[in-house]
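Engineer: Please assemble the complex out of the two chains, which come individually in their own frames, going by the hints.
Protein chains in written order, with our numbering: chain A, 1 to 139; chain B, 1001 to 1130.
Each hint should be verified, as a subset may be incorrect.
Straight-line Cα separation of at most 25 Å, DMTMM-like style, residue types lysine to aspartate or glutamate; simulated pairs [stated by the list, open to error]:
#, chain 1, residue 1, chain 2, residue 2
1, A, K80, B, D1041
2, B, K1049, A, E62
3, A, K80, B, E1051
4, A, K80, B, D1126
5, A, K80, B, D1113
Computed far set for chain A versus chain B, every beta-carbon distance over 10 Å [unchecked claim]:
#, residue
6, R3
7, H8
8, R38
9, A45
10, A46
11, N47
12, Q49
13, A52
14, E59
15, A74
16, A104
17, A111
18, Q119
Hints were generated in silico from the structure; no laboratory data involved.
These numbers come from a predicted model, not from an experiment.
Beta carbons: idealized from backbone N, C-alpha and C, even for Gly.
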Amino acid sequence: MIREAIRHAALAALCVCTLLIAGCMSVPRATNELEAARAAYRSAAANPQVQARAPVELELAERELRDAENLQSADAEPAKVAHFSYLAAQRTRIALKTAELRAAEAAYAMANEQRNRMQLELGQRGGAPLPASSGDTAR
Amino acid sequence: MPYAACKACTDLSDLQRVAAIVLALGLAACSSMPRPTEQIDAARAAVSKAEPVVIQDGAMELRVAQYKLARADQEAQRGDYANARIYAEQAQVDADYARAIAENARVQRAAADANQSVRRLQDELDRRAK
Chain A
1 MIREAIRHAA
11 LAALCVCTLL
21 IAGCMSVPRA
31 TNELEAARAA
41 YRSAAANPQV
51 QARAPVELEL
61 AERELRDAEN
71 LQSADAEPAK
81 VAHFSYLAAQ
91 RTRIALKTAE
101 LRAAEAAYAM
111 ANEQRNRMQL
121 ELGQRGGAPL
131 PASSGDTAR
Chain B
1001 MPYAACKACT
1011 DLSDLQRVAA
1021 IVLALGLAAC
1031 SSMPRPTEQI
1041 DAARAAVSKA
1051 EPVVIQDGAM
1061 ELRVAQYKLA
1071 RADQEAQRGD
1081 YANARIYAEQ
1091 AQVDADYARA
1101 IAENARVQRA
1111 AADANQSVRR
1121 LQDELDRRAK
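With the rest of the complex left out, here is chain B (with noise of 0.2 Å):
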């Protein structure tokens, strides 16, 4: 039975063995990676969550989330969901960061601020204590 196998094997032309194998890798991939709709989706969110924060701080890192998350959405069209997926999960974290970033940015300010009129205030109170 095992010598029938073989026989089957090289009986085969080059051409007919190549193609099988290269098949058989593809349904591999093909099973084993799945569309990452999941890591898309969360990306969207991410970016979308971030965008009307960021003005000015974290614009960079933003762009950087925007851009990865349209690699994202191509790879996938074109159906390289590997590669779809590291986009995405990037972009992912590179928005979580950018929105930290701005809203870090917006709380310092308001402290600032609000330090100032402390002072202000203090300067006020001791010249109406004299």
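Isolated chain A (complex conformation) (with noise of 0.2 Å):
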């Protein structure tokens, strides 16, 4: 009778362990393109120019972030979370692209600012022409 429970307690046991371990081993998870995108994220969102010249683009990606997060804890489809965690990945390259730019828009307007400026004072001065200006290309 003994021997009879303990054989029982035996198997299910046996039968715990083997459902913890292929619980453990199945679900492939979308890991990788996750946890790129969020270090991704995480650097961009650190960084003081992002967040002053692209707060807008920075809150897009972050949204994408939030769905791929929420799905990955959902256990949803993992081509599911590599696909919003593409789209996370994109809109953080589109935020550092973006303060790239306006930091470049801030430069060319004080160049040209000053250019206008000197052309004014060596026009005043008289003389010589004055060199040929080349800059004109943005807008």
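Structural biologist: So, in structure tokens, the structure goes:
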């Protein structure tokens, strides 16, 4: 009788162990894509230039990342998690490029103003013709 | 009553049961995933907006966006709305990224040109000051 009970307990333990191992091994997860998107977003979000110059773009990236995280914790299809991770990563790249673009626009505006001032100064001094300006390519 | 339902089940042939399940799954898929018209339109708009801006920088990213937009159209035509939506959403961000790359390159060049002019003018001013 006791031996019977022990045998049943052992069998149950074996079943539970098998299920646990299976549970650990199964679900293929889009962890790499999500991990990469998360790292890229965090680095961009920590950049003061991006915070200041591309806050809207950063917000869009965060929204996609949140979708990817939520899908991952809801055990959604890995392909779906990978898709939203891709969107988050691209939106992060867009935020970085946009910050760079806005910085370049500010630099251009400053240089342009300086150029106009100097041309005026040269004109007032008169004399030789002004050197040709070649920088009117923006807008 | 439950017995009657079960009886009906067992009376169906295997083929009929499989057909019923496939039909149910198909209907479920159709009702949960509508045609992603909005996403495809948004992707097309983003690609059209990028095309005149992208000349050299961002050209590769734009080609990827154009390819994915074409795939989105194809998948939608075949009725695979889930894949069509994925391609459309990716095409949109790829096109936006291509445009950001191109605009950034253009303004960087303009800023470099303006700075060069400033240096030339400074030289000229220095020369005349002598």
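Engineer: Compare the structure with each hint and give your call.
Structural biologist: Here's how the hints hold up against the structure:
1. A/K80 / B/D1041: holds (21 Å)
2. B/K1049 / A/E62: Roughly 24 Å between the alpha carbons, so the hint for B/K1049 and A/E62 holds.
3. A/K80 / B/E1051: Cα-Cα ~29 Å, so violated.
4. A/K80 / B/D1126: Violated: A/K80 and B/D1126 sit about 63 Å apart, past 25 Å.
5. A/K80 / B/D1113: Since the Cα atoms of A/K80 and B/D1113 sit roughly 45 Å apart, the hinted pair is violated (cutoff 25 Å).
6. R3: holds (40 Å)
7. H8: Since the minimum Cβ distance to chain B is about 32 Å, A/H8 lies beyond 10 Å and the statement holds.
8. R38: holds (17 Å)
9. A45: holds (17 Å)
10. A46: holds (20 Å)
11. N47: holds (15 Å)
12. Q49: With a cut-off of 10 Å, A/Q49 remains clear of chain B, as the shortest Cβ separation is near 13 Å.
13. A52: holds (16 Å)
14. E59: The assertion about A/E59 holds, with a minimum of 14 Å to chain B.
15. A74: It holds; A/A74 is separated from chain B by about 15 Å at its closest Cβ, greater than 10 Å.
16. A104: Contrary to the label, A/A104 does not stay out of reach of chain B, its closest Cβ about 4 Å off (not over 10 Å).
17. A111: violated (4 Å)
18. Q119: Violated: least Cβ distance 6 Å, not greater than 10 Å.
Figure legend: structure checked against the earlier numbered hints; hints not met, in rising order: 3, 4, 5, 16, 17, 18.
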